[in-house]
Amino acid sequence: MSKSSDQTTGRETQTGVSDQSARRLTIKILRHNPQDSASEPRFEAFELDEAPGMTLFIALNQIRDEQAPSLQFDFVCRAGICGSCGMLINGRPGLACRTLTSKMAPAITLAPLPVFKLIGDLSVDTGAWARQMGERLKTWVHQESEPDIDRLEERMEPDRAEAIYELDRCIECGCCIAACGTARMRRDFVGAAGINKMARFRLDPRDERSDEDFYELVGSDDGVFGCMTLLGCNDVCPKELPLQTQLAFMRRKMARVK
Amino acid sequence: MLASRLPARLDVLQSASGVFLALFMWLHMFFVSSILLGKDAFWHVARFFEGYHIFGKPYPILVSGFALFVFVMFIFHAALAMRKFPADYREYSTFRKHAGELKHGDTTLWFVQVYTGFAMFFLGSVHLYTMMTRPESIGPYGSADRIVTDWYWPLYLLLLFAVELHGSIGLYRVAVKWGWLEGRNSAATRRNMKRAKWLVTVFFLALGLLSLAAYIKIGIDHRDNYGEHYVPASLSVPLEPRQ
Ligand code: HEM
Ligand code: SF4
Ligand code: SF4
Ligand code: FES
Chain A
0 MSKSSDQTTG RETQTGVSDQ SARRLTIKIL RHNPQDSASE PRFEAFELDE APGMTLFIAL
60 NQIRDEQAPS LQFDFVCRAG ICGSCGMLIN GRPGLACRTL TSKMAPAITL APLPVFKLIG
120 DLSVDTGAWA RQMGERLKTW VHQESEPDID RLEERMEPDR AEAIYELDRC IECGCCIAAC
180 GTARMRRDFV GAAGINKMAR FRLDPRDERS DEDFYELVGS DDGVFGCMTL LGCNDVCPKE
240 LPLQTQLAFM RRKMARVK
Chain B
0 MLASRLPARL DVLQSASGVF LALFMWLHMF FVSSILLGKD AFWHVARFFE GYHIFGKPYP
60 ILVSGFALFV FVMFIFHAAL AMRKFPADYR EYSTFRKHAG ELKHGDTTLW FVQVYTGFAM
120 FFLGSVHLYT MMTRPESIGP YGSADRIVTD WYWPLYLLLL FAVELHGSIG LYRVAVKWGW
180 LEGRNSAATR RNMKRAKWLV TVFFLALGLL SLAAYIKIGI DHRDNYGEHY VPASLSVPLE
240 PRQ
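Heads up: the sequence lines are chains A and B, in that order.
Residue 56 in numbering that gives the first Met the number 0 sits at position 57 of the first sequence, and the numbers go up by one each step.
Residue 16 in numbering that gives the first Met the number 0 sits at position 17 of the second sequence, and the numbers go up by one each step.
Quick caveat, the hints were computed from the structure, so don't treat them as lab data.
It cannot be assumed that every hint is accurate.
Claimed, not checked - Only pairs whose alpha carbons sit at most 20 Å apart, straight line, appear in this in silico EDC-like list of lysine to aspartate or glutamate:
id, chain 1, residue 1, chain 2, residue 2
1, B, Lys193, B, Glu181
2, B, Lys216, B, Asp149
3, A, Lys257, A, Glu215
4, A, Lys238, A, Asp73
5, B, Lys83, A, Asp73
6, A, Lys116, B, Glu90
7, A, Lys252, B, Glu90
8, B, Lys83, A, Asp187
9, B, Lys83, A, Glu239
10, A, Lys257, A, Asp187
11, A, Lys27, A, Glu65
12, A, Lys252, A, Asp212
13, A, Lys27, B, Glu100
14, A, Lys252, A, Asp203
15, A, Lys27, A, Asp64
16, A, Lys137, A, Glu211
17, A, Lys116, A, Asp220
18, B, Lys38, B, Asp223
19, A, Lys102, B, Glu100
20, A, Lys257, A, Glu211
21, A, Lys252, A, Asp206
22, A, Lys252, A, Glu215
23, A, Lys238, A, Glu161
24, B, Lys102, A, Glu239
Stated by the list, open to error - If you want the footprint, here are the derived chain B segments under chain A, 3+ residues with CB under 8 Å:
id, segment
25, 1-7
26, 73-85
27, 172-183
Claimed, not checked - Derived contacts from chain B toward chain A, CB cut-off under 8 Å, selection only:
id, residue
28, Glu100
29, Asp105
30, Trp109
31, Arg189
Ideal Cβ positions, reconstructed from N, Cα and C, are used throughout, including at glycine.
Model the full assembly from the supplied sequences, consistent with the hints where possible.
Put into structure tokens, the structure is as follows:
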């Protein structure tokens, strides 16, 4: 779009009366289908008119409906809850459904999250990663005795419950992993989401594991000590989890294990 | 079998050795910059570390000993921190591409730390070895001659930038890594620490550049008397064991 048309229609944009006022967006998408041996990774550019309140989710659907029926990308909740729409937005990991096009320059570049297995175009398999992380870190409450399911659960301090809930907000979108230089260099690094999960279970009074037990899971250079405190994770997490604080906290606790 | 506690210990030692070196470099800069107060000031600082003011006679071996200690810490820290270097070209290029795409301050700063750390392997070793083997030459004329006539100024100029960037980034990283002084609002603390980090870098760079300029000026003026030792106003003959 040229500067002059921007100026002549600028006023109408404000009031939203005129359709011509809409910005023309150019969305460049990294396309590749790993299932198809003939497919080469390539950028394809799509143009469309920006609509009021448009998110990348809306833009991508429109592109698929009107221009590229084979375009692959993931969405479920459209509200930043399910964690399936993580992608590189102008090089930065983020949730497409929570990204307003109006906050960006009209030329937008989208690519799949690195590190994860590519399904096709913008779709990656974060599910497989989340599952292996859960198994590796044993992300469930560990108790010695069988819980008595006929009895009311022990009460928890509201502050404690609040703190656990805060860390439980992780939606396993994978953005923190894709933003982590360590995770990109070293495939076995647990990443911030994993360390945050450990911190979450450590807080939970029902989990009987000791710091020695947690050390077995994250006390290594693939765990907390591998983190180089680049804090990309902290700065991109769409749920704004306190990853910086949790990483430092777990590092201190694990460094103290005798 | 229990997981090894070694990674935990090494991580703590890496930070501890880095903090020791970084704080030592601050003190070091204050000593070196005493040249800005005049030749006598630096002469006294240099002799002080040789025990002159305690024993009445300089013992340069004390400086050799301390330089050796710093050299050992330096090698120790480098050996531990080296574990974090990209291990091969694939890791290096992955990180480089990542840092380029993400445009994220702390990620880029880590790269600066890797580059400056690598450079210091060479630059720092030359300097420390010289201090270990030629301690008696440290002084307003000896150091200035080394810098100008012996061509150490390019080495010191590069080393200055490497140390000041590496050390203050390192201190900032140690603080966020272990959650020191985090307070209630970790984001605000981090912003302030980063601001402080840049101020520290600029302050020590400025002090270092001014000091280096002062030595270069003395060295140029002293070129024709290379090797002569400085005699402070308070003494009439050079100290033993100088010639
Ligand atoms: C050959 C010399 C050196 C090399 C190869 C080296 C290398 C490194 C590397 C790669 C890191 C990052 C480690 C990480 O991300 O976990 C680091 C951290 C650090 N360095 Fe150095 N360095 C050297 C000398 C120095 C010197 C002279 C100082 C003091 C000015 C210093 C102070 C620090 C500090 C404070 C840290 C942060 C420690 C941490 O994160 O645990 N280093 N060094
Ligand atoms: S910690 Fe944040 S960025 Fe990482 S997976 Fe959870 S919600 Fe996503
Ligand atoms: S702080 Fe850095 S190295 Fe550590 S998990 Fe976050 S992005 Fe990765
Ligand atoms: S679609 Fe669920 S988080 Fe974006």
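Against the structure shown, which of the earlier numbered hints fail to hold, in ascending order?
-> Of the numbered hints, 5, 7, 9, 10 and 17 do not hold.
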